[in-house]
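Position chain W relative to chain Z; hints supplied.
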Amino acid sequence: MSAMTARKNEPVWALHGEAVTPDLTGALFLPVHRTLIVADLHFEKGSSYAERGQMLPPYDTRATLLKLSAAIARHRPETVVALGDSFHDLRADGRMDDSDADMLARLVRDVSRWVWIEGNHDPEPPARFGGEVRPVLELGTLTLRHEPTEGNAPGEIAGHLHPCARVSGNGRSVRARCFATDGRRMVLPSFGAFTGGLSVRDAAFTRVFGSCPDGWIIGRTSIYAVQSKRIAN
Amino acid sequence: MAPPARLPDRFERWFAARGWRARDHQLEMLDAARAGEHALLIAPTGGGKTLGGFLPSLVDLAEMIDPEDPRRPHALHTLYLSPLKALSVDVARNLMVPVEEMGLGLRIETRTGDTPPSKKKRQRERPPDILLTTPEQLALFVASPNASTFFADLKRVVIDEIHALAPQKRGDLLSLGLATLAQWAPQARRAGLSATVADEGGLARWLAPQAGPHAKFARLVRGGPGPRPQVEILDSAERIPWAGHSGRHALAEVYERIKGARTALVFVNTRAQAEFTFQELWRMNDEGLPIALHHGSLAPEQRRKVEAAMAAGKLKGVVCTSTLDLGIDWGDVDLVIQMGAPKGSARLIQRLGRSNHRLDEPSKALLAPTNRFEHLECTAAAEAVAENALDGEPLKAGALDVLAQHVMGRACGDPFESDALFEEVTSAAPYADLVRSDFDRVLDLAATGGYALASYDRFRRMVRGKDGLWRARDARTAQRHRLNVGTIVESDMIHVRLGSGRAGRRLGQIEDWFIGQLTPGDTFLFAGQILRFEGLSETDAIVSRASADSPKIPSYQGGKFPLSTYLAARVRDLAQDRSKWGALPGQVRDWLDLQSLKSRLPGSDELLVETFPRAAKFYLVCYPFEGRLAHQTLGMLLTRRLERLRMRPMGFVANEYALAVWGLRDLSGVDMDALFDEDMLGDDLDAWLAESPLMKRTFKTCAIIAGLIERRFPGQEKTARQVSFSADLIYDVLRQHDADHVLLQAAWADAATGLMDVRRLGQALARVKGRIVTEHLARVSPLAVPVMLEIGREPVYGEGHESILADASDDLISEAMTP
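In order, the protein sequence lines correspond to chains Z and W. Its first residue numbered 0, the first sequence is counted upward by one per residue in numbering that gives the first Met the number 0. Its first residue numbered 0, the second sequence is counted upward by one per residue in numbering that gives the first Met the number 0.
So that you can see chain Z by itself, here it is in the shape it has in the complex:
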């Protein structure tokens, strides 16, 4: 494992004894499994609001795809796992712009294995983009699913909660997305362009981790591991 080379700003940290590299985009790379995990892409979130009369920009799918494509180019994974809620709702596919749909199909085609984990927003991800659909995926000692299990679940990697954290100092504060973890399990930040965040101080995280988890907080150029006691409200 020590033979692994980490580039600058790309720490190799441990989760449940496995090496993991958190990416600035919010993706998690597992070098040993050559697997890239992304959570909560929420494609077509903008148009879902537009459908209900709130005209958010229609470019979120495109922005998310560009970010995803960059993460794939950086890590060259054999497997990409989308941890559920990849499509904002059941009609997302029908609203997607043709060129965006083409780009997604190309991305899926160009990696060896693509897994859509089922989410609550997208219990049945559309078939036309390819890839396999699963409720859960086991990977070494790790278990990948959409919604984190409440109570003890070592080795689980999940999404769904959109973790973020606020850190204060010198009378100022920074709030950013983060990977929520206690070293044994993890909740990934949301990857989608318009997705908001939920503070890891929220009770939802206590139900999952037993207490407030630590945060690997995503900065502009680095990721900062911050202990729960330093995370503000």
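No lab work stands behind these hints, which were simulated from the structure alone. Worth double-checking, as some hints may not be accurate.
[What the hints assert, rightly or not] The calculated lysine to aspartate or glutamate pairs, modelled on EDC-like cross-linking and capped at a C-alpha distance of 16 Å, are: (1) Z/K228 / W/D806; (2) W/K315 / W/D285; (3) W/K154 / W/D59; (4) Z/K66 / W/D731; (5) W/K313 / W/D333; (6) W/K215 / W/D59.
Frame of chain Z, contents of chain W only:
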């Protein structure tokens, strides 16, 4: 002298019975009304302005109606609009006096956000003669069906405090609403009521409907100047601080003045300053004088209580922010104390008008500068008041986000035809120069979001029928629009609750970000007491009373006014002209003398730039006197340039008068003419805007006003946060994929005059071009001390924001995590 015949007998008798006679300007308003003209009445506070605005309505109504007839028809005659609902209520009460004493038997009612729906419904069916309301309520009328019928009989519109409304987005929305009213009631004439302003012509144009290539103006009616106010500057026996805004040194003397007054209003510039001043005054209040606190973040019940006590003459002093600027008559104030510099002469005159509201005596004011620079500013302001010289920026073109809201509002009311609406919109003065292509883009923004990627056609909020008319897609869309009407966008606020549970009392609201930086146990000042933060519960911050002597978290910002351009010029003038220093206290004169000895005094048309080393760092201090906002923008741009020159700048700090930049290399060799060249407002500004949080905040406001993002209502946000979206992300994505979007254009126009004050910076850079004088010094100059002292008090920019994250991240964790 006006011929008395112009007033009907009933009115003559009423004036005479009170021992008054109608003032010339009141009669001239009547004259304008009879000539069918729109009129703008400009008069100082206490000049009988309100009656001047209503007199034509009262005379007209008195002739028209029979007060004895209980079945006389219900028709709206006069609509009164003011920026504050409290003002509407106050004016309604005052108006009842002549109406009852003359037995006119008029129906006068108010309509605000607090009016119960049943009453609103009744008003729609049976309108009063005079309806007093706010611009937002007019926007709601515009966005509701059949409003044209409601207003069909309207004869007069009275717009109060027009000087406060016209420069704001609220004024833009109001001007559009007035344009709509003019379609429904072409016979209605407008009367504007204004405090004294610099730009009289601009306001007279704002008030008049525009048509054709030449600007139209309302008739100008001026009230008498009133007695000259007496302004005194506190010549403190204490040492005057170099920097800071607490004014602590002057408070003992201020307390004595409050004691000597009947009722004193103590104006401060920020809420934080209000809290501090109130706390300190009570600390020395051995005699237990009734001194109260009033600012916009306090719970409404608390504010009402203070206002009632004031009106009843029970208070000796009230510490307040601009919430008490506007013309509500709240008792017998005989002294106005201004803590800190007033930032503009017009604002000072407005605040002076709070004293001796009713009498023809001069108003009295005491200015208490909080630091040495403010002595210059207060002196300049007092001189300006003595000359009755007013400042004020020219009115801006109407905002496009506001127009988008209005267009959608029109579609929610009676359907419109787009060519006709364009005509209507351009009859509003702020939009008179709007080009058709921009109007069409805004129409598209309201309908589909106006994106280059036209994928939302099937989700239109507004549809064009076969009849060629635009209307809201459905009733639900219209209802949602009405919930989002208005241009006042509050930052995300959290309720401050004393004690947990439902029994806890709400003390007021505080900015979300301020609470975000507290950890349980931290103490802070709010609502006049030191509070301990216990934790968050839903949308409330739970606090308890703290026993601490001084709060741990010093303050929170809010409502800082920039120094007006006009006053800034006067301050520069004063600083370099020794013949005018007589008005300054000895300490301040000595300070300026020392500056001319050690460095030099900035000339009134120059920009003085000083460089000096200090404690292993190199400093550049310049003195544009253009206000903190413009200086912060300048600091941001200068550090970018210095970085490119490899001068390794590390940070900067700005105050109202000066900017200090520091770095690791000697800055004395830099070509200052090139460094301060106007071209920094090109690419550098553009690059900075891409990531500026100020720009993102500005964009969010525009997006909410335009209806792109809906307001979040209390209670709904916490549960929805996880699935909600962030306006920052929308800004990023839009900038990246649709850089020409009309809302980005609107946000940029706002930022230029708002939080970043780019327009003013541009004017300043143009002014000093070729007039930069440089002093390379061995040590800090006397004039530089105040801004240098701000380091550590004010946020330092330029040091990566993320340093907080780096500080918090624990190497131990990373080590422990390494496989």
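Against the structure, the hints come out as follows:
no., hint, result
1, Z/K228 / W/D806, "holds (13 Å)"
2, W/K315 / W/D285, "holds (14 Å)"
3, W/K154 / W/D59, "holds (9 Å)"
4, Z/K66 / W/D731, "holds (13 Å)"
5, W/K313 / W/D333, "holds (14 Å)"
6, W/K215 / W/D59, "violated (26 Å)"
Going down the numbered hints, you'll see the structure goes against just number 6.
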